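Chemist: Given next are the chains, with one letter for each unit.
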Amino acid sequence: MRSLTRTLRSDDVRDALALAAAVGVVGASFGALAGTAGVSFTLMVALSVVVFAGASQFLVVAVVAAGGNVFAAVAAGLLMNARHVPFGLAIGGTIADRWPARLLGAHLLVDETVAFSRARGSGPRARAAYWTCGILLFVFWNTGAIVGRFAGSAIPDPAAFGVDAAFPAALLALLLPALRKADARRVGAAAAVVALAATPFLPAGVPVLVGLLGLLAARTVRQEVS
Amino acid sequence: MSWSAVLVLGVGTYLMRLVGIVLRDRLAMPQRVERYLDLGATALLVALVATATLTEGGGFAGWARPAGVLVGAVAAWRSCWWSCSPPRPRRACACSGSRERARIAHDRARPPAPLGPERPYTSPAVRSADSGSGRRSRPGSASPRWRCGCSRSGATRR
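Going down the list, the protein sequences come from chains A and B. If you count the first sequence from 1, you need to add 886 to reach our numbering. If you count the second sequence from 1, you need to add 2 to reach our numbering.
Isolated chain B, as found in the complex (with noise of 0.2 Å):
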């Protein structure tokens, strides 16, 4: 072990890291090319996991490591999933899917109707007395355009 072994080493090393940064500032890069890039850095990245996750010298690592591995991918997966995609607060009523089948076939059917000024809610008997006059149909009516297959209100758990 030398001094101009140190220096080879890390004089390499460093101007192999300059390299990439000034291709990267100096060459116009097309967006295809680009993601080509992105996808190399990934590519790296996991087949560098992959061997050293697997091997050691160029043989099989043994299982204790891949198994720690496993163990904190599937945490860091968990925590990943779970702020990224939680899931929906509105699958916790019981007829939402029947609801939200009914909601987009609804808004598929007719585009949005305007909004008008709020009204006070009316029940559905208030409604069926009223209705016959063209009412429903009025933009800023406050009837539901919509409606779930199931005969309850929708807030209770089965």
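Just chain A, with the same shape it has in the complex (with noise of 0.2 Å):
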């Protein structure tokens, strides 16, 4: 931890907060719509503790609301959550020496930690932006949806704020170093193609992990260079 702080930089962690912020504002929302379906208070913390996946709890508390099937609600959640291997095995080398410190930080592996710190390269200066990013996130997130739960329907429409854009412009930002590579940029498109081109035909998560077939593209590009 140590050499954390050592190796923090002030830009990351104001960036960080940036990003924090922005998933504070989302989880208010969530805890909101927690509170309209139904779900009860202490329900909504746990399932906020421990899924910490956003996405997949909008789903779940989404299918609820509605009145659907909890178990189709949870293996698609949990569908959703598959692209996290892919994650681990990209940024495993990131997180920590030890293990005890991988079992903690394999829980703030979220789409925004892994872009945060990919885009900060590898090495020691990508670890603590890391953990910096994850811990801030998880704070805010379920502080967010605490206050989302007591402000209730004071809390409007995640759209009207546009977070909704926010999210997706941030996640771009963060992957543009990245794409400074002609391959990964192939690779880019070619995933985006793909994954809207199935959104219409297959549940949600899905298509995001048919964009792997964006990989398709880089062996040409590396068939052409060698």
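Worth flagging that the hints you see were computed from the coordinates, not collected in a lab. Check the hints yourself; a few may be wrong.
[Claimed, not checked] In silico negatives: residues of chain A with every beta carbon more than 10 Å from chain B: (1) 892; (2) 907; (3) 1010.
[Claimed, not checked] If you want a taste of the chain B side facing chain A, the calculated C-beta under 10 Å gives, among others: (4) 5; (5) 8; (6) 18; (7) 24; (8) 43; (9) 46; (10) 58; (11) 61; (12) 71; (13) 72; (14) 74.
[Stated by the list, open to error] Pulled from the structure, derived: some chain A residues nowhere near chain B, Cβ distances all over 12 Å: (15) 891; (16) 893; (17) 899; (18) 903; (19) 1009; (20) 1011; (21) 1021; (22) 1025; (23) 1032; (24) 1033; (25) 1036; (26) 1037; (27) 1038.
As the structure is a computational prediction, the values presented were derived from the model and not from experiment. Positions of the beta carbon are idealized from the N, C-alpha and C atoms, including for glycine.
Assembling the complex is the task here: the two chains are given apart, and the hints tell you how they should meet.
Modeler: Here it is as structure tokens:
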């Protein structure tokens, strides 16, 4: 931990705080949604702390609110979170060297921490960024959920804040350094096309996984180069 | 909504997070595979951005959100580009292009001369008076080893 605080840069902390603040607003809208869906307070907090994966939480609570089958919702949520496996493969070396820290850091693995850390390479700076971003997101997300639960209907739809646009924009901004490489750009473009084409036909979350087919574009690039 | 559902979702999600990290630790990855893992994360994140930007519940999300994302992305791209590759101040010189070409042609034509002790600058008039004795090609001589095609001194703006 001590080495982490030493490698921590103030601009990274500032960026992580901005991201976490936006996450807190989304957490508040999640808390409000859980309140109207009739999920009890302790259950909502448990869901938020134990799962800590925004999109699947929204999915489960929305299905419950609509009176759907809870087990189908859980299965859909798990399917949506399956993208964490390739994320863990990509970023596993960055998180920590020792197992206790890895077990703890695994829980902080969400889309934003992966993008935030990868935008800072794979060295000590990326590790410090991962932990800073993860801890701040965890705190803001759960605090936001509790605040939203108590504020209830005073919290409007996230679309009214423009937060629904802020998230893709923030992720895209974090991706820009990775997209400076030509093969990454080609893979990304292919992934976006495939995922968008698959969206009308597949359940939520699966089109993102289908986006992995974009890796086929990397292969052709490699053969061209070598 | 029950505790069992929360636990199943939470434990399942945590295990999926852990599986990737454990695999990364246990398997020796050749560099080629590591590149694919890295690109795979990029592919997933871009797919996530694309679907979150353009779709809502299986259909088109409307124009407001993509417009907002576009504005944010352009702002981020400009700040990223500016800090990653700022424009070179050298380009402010009017004849820098031809001087740059002359310098590159010179560097390619001959290996760099070893640096000698510093010498005071001699104006072209003095140099032309001194030339003829092989002084110009001596390493460490203060005469400019390259010139631009234009006649001006180079510091002026057209």
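Chemist: Each hint: holds or not?
Modeler: Cross-check of the supplied hints:
no.: 1; hint: 892; verdict: holds, 23 Å
no.: 2; hint: 907; verdict: holds, 15 Å
no.: 3; hint: 1010; verdict: holds, 18 Å
no.: 4; hint: 5; verdict: holds, 7 Å
no.: 5; hint: 8; verdict: holds, 5 Å
no.: 6; hint: 18; verdict: holds, 5 Å
no.: 7; hint: 24; verdict: holds, 8 Å
no.: 8; hint: 43; verdict: holds, 4 Å
no.: 9; hint: 46; verdict: holds, 5 Å
no.: 10; hint: 58; verdict: holds, 8 Å
no.: 11; hint: 61; verdict: holds, 7 Å
no.: 12; hint: 71; verdict: holds, 5 Å
no.: 13; hint: 72; verdict: holds, 8 Å
no.: 14; hint: 74; verdict: holds, 3 Å
no.: 15; hint: 891; verdict: holds, 23 Å
no.: 16; hint: 893; verdict: holds, 20 Å
no.: 17; hint: 899; verdict: holds, 17 Å
no.: 18; hint: 903; verdict: holds, 17 Å
no.: 19; hint: 1009; verdict: holds, 14 Å
no.: 20; hint: 1011; verdict: holds, 15 Å
no.: 21; hint: 1021; verdict: holds, 16 Å
no.: 22; hint: 1025; verdict: holds, 18 Å
no.: 23; hint: 1032; verdict: holds, 16 Å
no.: 24; hint: 1033; verdict: holds, 20 Å
no.: 25; hint: 1036; verdict: holds, 19 Å
no.: 26; hint: 1037; verdict: holds, 21 Å
no.: 27; hint: 1038; verdict: holds, 17 Å
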